[in-house]
Structure formats: structure tokens, C-alpha cells
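2 protein chains.
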Amino acid sequence: MKTKVIEFERYMEEKGLKSTTQRDEIVNTFFNVKGHVSIEELHHTVQKKNPKIGYTTVYRTLKLLTESGLAHERQFGDGQARYEAVTTEEHHDHLICLKCGTITEFENMKIERLQEDVAKEHGFKVKNHKLELYGYCKKCRNEVK
Amino acid sequence: MKTKVIEFERYMEEKGLKSTTQRDEIVNTFFNVKGHVSIEELHHTVQKKNPKIGYTTVYRTLKLLTESGLAHERQFGDGQARYEAVTTEEHHDHLICLKCGTITEFENMKIERLQEDVAKEHGFKVKNHKLELYGYCKKCRNEVK
DNA sequence: GTGAAATTGAAAATTGATTTCAATAATAGT
DNA sequence: ACTATTATTGAAATCAATTTTCAATTTCAC
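These protein sequence lines are chains A and B, in that order.
My numbering puts the first residue of the first sequence at 161, with every later residue one more than the last.
My numbering puts the first residue of the second sequence at 161, with every later residue one more than the last.
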């Protein structure tokens with residue numbers, strides 16, 4: 161994700177922040193990892209390339225990515241925050257398997273529109289939203305009663 | 161909410177648990193407080209009546225209420241769990257104001273149905289779900305840009 | 001190069017949730 | 001009512017995730 165890295169560099173510059181080896185490695189790794197990583201997972205991956213990089217720096221870089229709008233921080237009830245790369249402008253929601261933990265994304269414009277309707281009814285101005293369906297995925301549903 | 165208190169007593173009996181002054185006071189207070197309370201908030205309210213009641217007992221009683229199905233535990237991204245009394249069998253979702261923190265509930269069967277459709281497309285079996293709209297309520301939306 | 005300003009990372013602090021344990025209280029059986 | 005058994009209480013300790021601190025290091029503008 162070269163463009164994403166460039167966007168991040170632009171954000172850093174704009175904020176007067178410095179470019180460092182650690183940040184570059186963390187950001188690159190983040191955009192090359194699929195799905196929804198925790199700080200610890202990303203730290204672990206990053207350390208394979210450069211064992212000197214500390215947990216704190218990964219933590220701080222993920223905060224920067226979140227601030228810059230290039231990552232989203234999410235809570236899926238497993239006790240730790242997970243970060244996902246923002247790829248398109250399209251919002252998407254999540255299916256979370258309670259057995260294997262797999263997180264699948266989906267989009268549904270009809271639901272989005274109905275949400276706006278609901279908000280309007282309440283005089284509410286939506287900034288963002290979160291829709292999560294918890295249950296069992298195709299693979300696991302047969303194994304669980 | 162007298163009936164809720166009775167249901168709780170039934171659950172306690174069924175589980176061979178004892179009835180105590182502390183539990184009674186906590187449960188009563190919980191059902192008389194509107195909305196979505198954190199452990200700390202409920203503890204604070206309970207202490208006004210009986211300053212001897214400890215945080216841990218409030219914590220444990222909320223767990224019991226959750227186990228018994230009389231309360232739901234929720235996470236609204238402010239870092240601490242919030243508990244809400246289960247009043248009807250109807251599922252509902254939430255509008256959360258980012259300025260004043262007010263939490264409003266809503267129901268929308270069309271959205272529920274569309275969620276089922278999405279799940280079906282993915283071969284997913286939904287056990288429960290969470291839909292939260294974050295933004296500004298009628299009161300606050302005028303004050304925020 | 002030099003110096004001001006930002007970054008790093010180990011360790012410490014903080015937060016919210018959960019467990020431990022000795023003292024206390026509730027209930028069943030007598 | 002008495003006693004034995006068992007559960008409950010709450011302060012303090014523990015835990016796990018997150019966040020802050022601070023001295024040493026690195027970056028970048030000049």
C-alpha cells in the first residue's frame with residue numbers, strides 16, 4: 161500500500177513530526193498485514209524484521225495512524241483494541257465468529273440508509289457508527305449446537 | 161420494578177445463593193436508576209443509601225444480574241462497562257451523543273431483517289448483535305460545528 | 001557539523017476488571 | 001434458639017491492557 165504510506169508521510173510533515181526508521185517499518189508492516197491486528201500482534205510481526213522496535217513505539221505509531229484517519233481502532237469484546245487499515249471511503253461493518261474469532265467485513269447500503277432515517281427521527285446527527293453481528297461462521301456453525 | 165426484583169430472588173434461590181441486605185439494596189437501586197450505569201456510578205448511588213456497601217459487591221451483583229438475564233453488559237467505547245436493565249424481550253440499539261454522553265435507545269425491525277439477510281449471504285448464524293450510532297443529539301448538534 | 005526539538009524504549013504508573021482471604025452473616029437442621 | 005455449614009462481604013492484592021515518564025538517542029533545519 162504505497163499510497164497509504166505516502167499519505168502517512170504527508171500527515172507527519174503537516175504535523176511537524178519526524179520520519180524515523182521505526183515508524184517506517186511499523187507503518188509498512190501495518191499496511192501489509194491483512195485484517196484486524198492488536199498492538200501486541202503487530203509488535204510481534206514488526207519484531208521479526210527488527211527486534212529492536214519496542215511495544216511503546218508500535219502503540220504510539222498506531223495512535224498516529226488512527227489520528228491521521230488511516231487506521232480505525234475497534235473493540236470487539238475480546239479485551240484488547242484492534243486496528244484496521246482504512247482502505248476505501250466506504251464504511252463497512254463486521255461479522256464476528258464467537259468460536260474461531262474470524263472477523264469478516266460487509267457493506268450494506270440499505271442498512272446505512274435506514275440508520276440515517278432512524279437518526280433523523282431523533283434529530284440526531286450521525287458522525288460514525290458501529291454494527292457488529294456476533295455468532296457462528298459457516299465453518300463453525302455445524303460444530304456448535 | 162417489583163417484578164424484576166422477584167425474578168432476581170427466584171434466580172438466587174434456584175442457584176442456592178443467599179439473600180442479603182447488600183444485594184437487595186444494590187438490585188433495588190439498579191432497577192430504579194434509568195439508563196446505562198457503570199459499576200462506579202451504581203456504587204456511588206448505592207453508597208448514598210448505605211455507605212458500607214463496597215465496590216466489589218456492586219461489581220459481583222451486576223455480574224449476577226447479567227448471568228440471570230436481567231441486565232445487559234455493554235461497551236460504549238468510553239473504556240468502562242455499562243449495565244442496563246433488560247425490560248422487554250425486544251432487542252434495541254443505541255444512539256450515543258459524543259458531546260453530552262446521552263444514550264438513547266431505538267428499535268428498527270427493518271434493520272434487524274436486513275441484518276439477517278446479510279448473515280445468510282455469508283452462511284453466518286447470528287447469536288446477537290450491536291448497532292451503535294455515534295454523533296450529536298438534537299440538543300448538542302447546534303452547539304457543535 | 002551543531003543545536004533545538006522530537007523520538008525511542010524500558011520501566012513505572014494508571015485504569016478498569018477480577019480474585020483472594022479473613023471476618024461476618026445467612027440458612028438448614030436439630 | 002443454637003450450632004454447623006456454607007455463602008457473602010469488602011479491603012487489599014492481582015491482573016491485563018493501556019498510557020505516561022524520562023534519560024538516552026536520533027532527526028532535521030540551519
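Keep in mind that the hints were calculated from the coordinates and are not lab data.
Ideal Cβ positions, reconstructed from N, Cα and C, are used throughout, including at glycine.
Worth double-checking, as some hints may not be accurate.
[Said to hold, decoys possible] Sample of chain B residues at the chain A side, in silico, Cβ under 7 Å: (1) Y219; (2) F266; (3) V278; (4) E292; (5) Y294.
Against the structure, the hints:
1. Y219: violated (17 Å)
2. F266: holds (6 Å)
3. V278: Since chain A brings a Cβ to about 6 Å from B/V278, closer than 7 Å, the hint holds.
4. E292: The hint holds - B/E292 has a Cβ within 7 Å of chain A, the shortest such distance being about 5 Å.
5. Y294: holds (5 Å)
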